[in-house]
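The lines below spell out each chain.
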Amino acid sequence: MTNEIKLENQIGNKKTPKKRKIASLDKRKARVGWLFVLPFLIGFAFVYLPIVGESFWLAFNQLTIVKGGGYNLNFVGFENFVYAFNTDANFTQTLITGIGELIFQVPAILLFSLFMAVLLNQKMAGRAAFRAIFFLPVVLATGIMESIEASNILGSYMGESSGIDDGSGGSAASSIVSAIDIEQLFSNMKVGQELVTYVVGIINDIYGIVNRSGVQMLIFLAGLQSISPAIYEACKIDGATGWETFWKITFPMISPMILVNAVYTIIDSFTTETNTVMTYISTVASKTNGEVISTAMSWIYFLIVVLILLAVAGIMSMYVFYQRKD
Amino acid sequence: MSTSAPKVKKESKNKIKVEFDRTPLKERLKAKFLNTFFFQSVVVKIFRFIFLLGIAYVVLYPFFTKIAGSFMSPEDFVDVTVRLIPKNFTLDTYKAIWTDLKYLEALSNTLLISLVCALLQTFTCCVIAYGLAKYKFKGNGLIFLLVMLTMIVPHRTLQASISLNFTYFDIMGIFSFLSGGASVGIEGIDSILSSIHILKYPGGINLINTYWPLIIFSITGLAFKNGLYIFMLRQFFRGIPDSLEESAYIDGSGDFRTFIQIILPMSVPMMITVFLFAFCWQWTDSFYTGMFFTNPNKAPLVLSQIVGIPRSLDTDYAGQNMYEAAIKNTCGIMIILPLVILYTFLQRYLVEGIERSGLTAE
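Chains as they are written, first to last, in this note's numbering: chain A, 1 to 326; chain B, 327 to 688.
Because the hints were derived from the structure by calculation, they are not lab data. Treat the hints with care, since some could be wrong.
[Claimed, not checked] Straight-line alpha carbon distances no greater than 30 Å define the calculated DSBU-like cross-link-like pairs of lysine-lysine that follow:
no., chain 1, residue 1, chain 2, residue 2
1, B, Lys356, A, Lys29
2, A, Lys123, B, Lys654
3, B, Lys356, A, Lys236
4, B, Lys624, A, Lys29
5, B, Lys624, A, Lys27
6, A, Lys287, B, Lys654
7, B, Lys464, A, Lys287
8, B, Lys335, A, Lys123
9, A, Lys236, B, Lys336
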């Protein structure tokens with residue numbers, strides 16, 4: 001004890017008070033922090049950066065594999081990009097349709113997963129079973145299963161007869177509803193034809209949407225759980241209906257999660273291997289000299305995705321509500 | 327309401343029996359069940375249940391068809407009357423996949439890879455996420471952005487260069503330097519450089535067809551969707567009060583000991599969630615294994631590569647297309663069967679782990 005007091009006095013005499021001491025602790029903390037993220041930094045610097053750099057470089061080159069081992073690169077400038085846009089007849093078309101599809105799918109996935117999360121958050125009979133079923137695709141319908149499913153004719157075959165389970169003659173794999181049914185439903189509401197086709201598209205793609213909204217549902221559920229029940233209680237006492245509670249409490253409180261999920265959904269659905277653009281790029285990759293051209297194409301695609309991501313994140317973050325933490 | 331106090335019938339130590347005029351049962355039931363509120367809630371409950379049942383059907387339908395198709399014999403695919411329930415029940419498809427496609431070998435290889443990769447990924451992501459969540463240093467935000475970036479750039483974009491990089495694997499030219507493959511263009515130095523023969527890999531090491539690329543990706547937090555894991559774990563660690571660590575520091579525990587002995591044990595549910603994700607996604611993965619295991623003679627056989635038509639089932643029968651689709655789907659069933667078993671035991675962690683994580687966006 002006495003020693004320490006003396007030490008402090010000495011430091012005090014030298015007019016270097018507490019400040020330095022705190023700084024050194026901060027520095028030590030910072031050093032330990034760097035140590036914790038070191039695995040990622042090493043991987044990023046020595047594995048990831050060379051890969052990204054090389055990939056970027058490849059897009060400007062022509063690749064020839066040397067027989068003895070190793071490969072040669074010829075710098076060709078923007079030729080691959082020009083080829084992708086001008087010579088390749090399908091690329092621009094695929095890019096536009098693919099991105100158009102995804103722009104329509106992302107809100108559908110977000111809405112659906114939010115809706116399901118709110119439903120699954122309520123207390124009811126068989127909730128655990130429903131949860132287990134809805135999160136099944138998260139772990140099972142990925143990778144190889146997705147590619148088996150992509151070219152699957154079994155589902156439509158099994159469902160094509162009218163006698164199995166539903167009278168409408170549809171099935172999960174073939175179209176569930178026709179545009180005409182929805183049109184009749186909407187005819188009195190004076191909405192445009194675009195909305196009708198959009199809704200029909202969503203309903204017919206319900207399997208794909210359910211499959212791809214598992215992680216989002218989980219994140220939304222976590223967000224819903226973190227809202228204090230006291231707020232809901234107060235609302236109920238004040239006489240708010242369920243509808244009002246959702247829009248005045250749940251929606252603002254969950255809005256940060258909507259942003260997170262929007263970003264995740266965009267990343268996930270744009271980079272999944274089964275979407276239109278990615279499939280096209282991988283078919284190009286298997287052709288002669290396709291490696292570099294497909295790389296160039298995917299960099300173009302990536303740039304567009306990043307732009308969309310930034311735009312969406314920028315617009316949404318303006319409207320996100322953050323609860324102040326005290 | 328009667329104004330007089332209820333008459334006490336019997337009173338004991340902790341029980342009291344009181345007599346009062348009770349509303350008849352009929353009236354009470356009427357009041358309870360014959361109102362709009364009750365009707366509304368019943369309608370909502372029924373509607374909700376049917377809706378959830380419908381969606382559950384959509385989710386499970388492909389699995390039903392797969393299972394149904396797996397028991398059908400080729401004749402069933404020509405028969406128009408056969409739909410979901412097979413007429414000629416057979417186990418031939420399973421038997422053929424078991425023997426012809428070397429199912430067991432693929433299963434054990436996949437189990438090994440998935441287990442190792444998932445464990446490594448869980449641990450690495452924990453370490454990185456903890457560093458990002460609890461330590462303030464310059465560049466913290468930047469590193470988190472880089473983590474997100476690794477998730478945004480699709481690995482499909484990098485496919486060509488990933489496979490090139492692992493075919494000629496080299497860290498900053500060190501391996502090539504140590505084996506005499508380096509050159510700077512000046513003759514004198516070049517001759518000295520080429521006389522170094524510590525290692526024998528002048529063109530870098532060929533890691534294709536080995537486990538190493540997957541392990542390297544896992545250990546550095548670059549593998550499939552690790553950005554998501556790091557994000558989830560970071561949010562989780564942020565929810566742990568700092569005072570917990572501070573009390574550990576005061577008791578004389580260092581940073582790493584605190585992390586391993588205090589933080590990790592209390593984050594087990596979250597770690598199980600991440601592990602489950604990593605394990606399942608590695609298990610069904612076909613992109614990485616297809617890219618890294620190119621030579622079937624050298625590389626380990628994994629489950630995602632066994633999808634195909636067993637030779638003993640090769641047929642040019644009328645329903646061939648359907649039958650082959652059914653066989654492929656049966657392969658799918660065989661692949662995910664172990665996962666289904668795992669999922670039934672661990673699925674509650676999947677929800678609870680995230681639910682209790684206090685996962686919130688800042």
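How the hints compare with the structure:
no. : hint                 : result
1   : B:Lys356 to A:Lys29  : violated (68 Å)
2   : A:Lys123 to B:Lys654 : violated (40 Å)
3   : B:Lys356 to A:Lys236 : holds (24 Å)
4   : B:Lys624 to A:Lys29  : violated (47 Å)
5   : B:Lys624 to A:Lys27  : violated (49 Å)
6   : A:Lys287 to B:Lys654 : holds (26 Å)
7   : B:Lys464 to A:Lys287 : violated (46 Å)
8   : B:Lys335 to A:Lys123 : violated (40 Å)
9   : A:Lys236 to B:Lys336 : violated (39 Å)
Checked against the numbered hints given earlier, the structure breaks hints 1, 2, 4, 5, 7, 8, 9 and satisfies all the rest.
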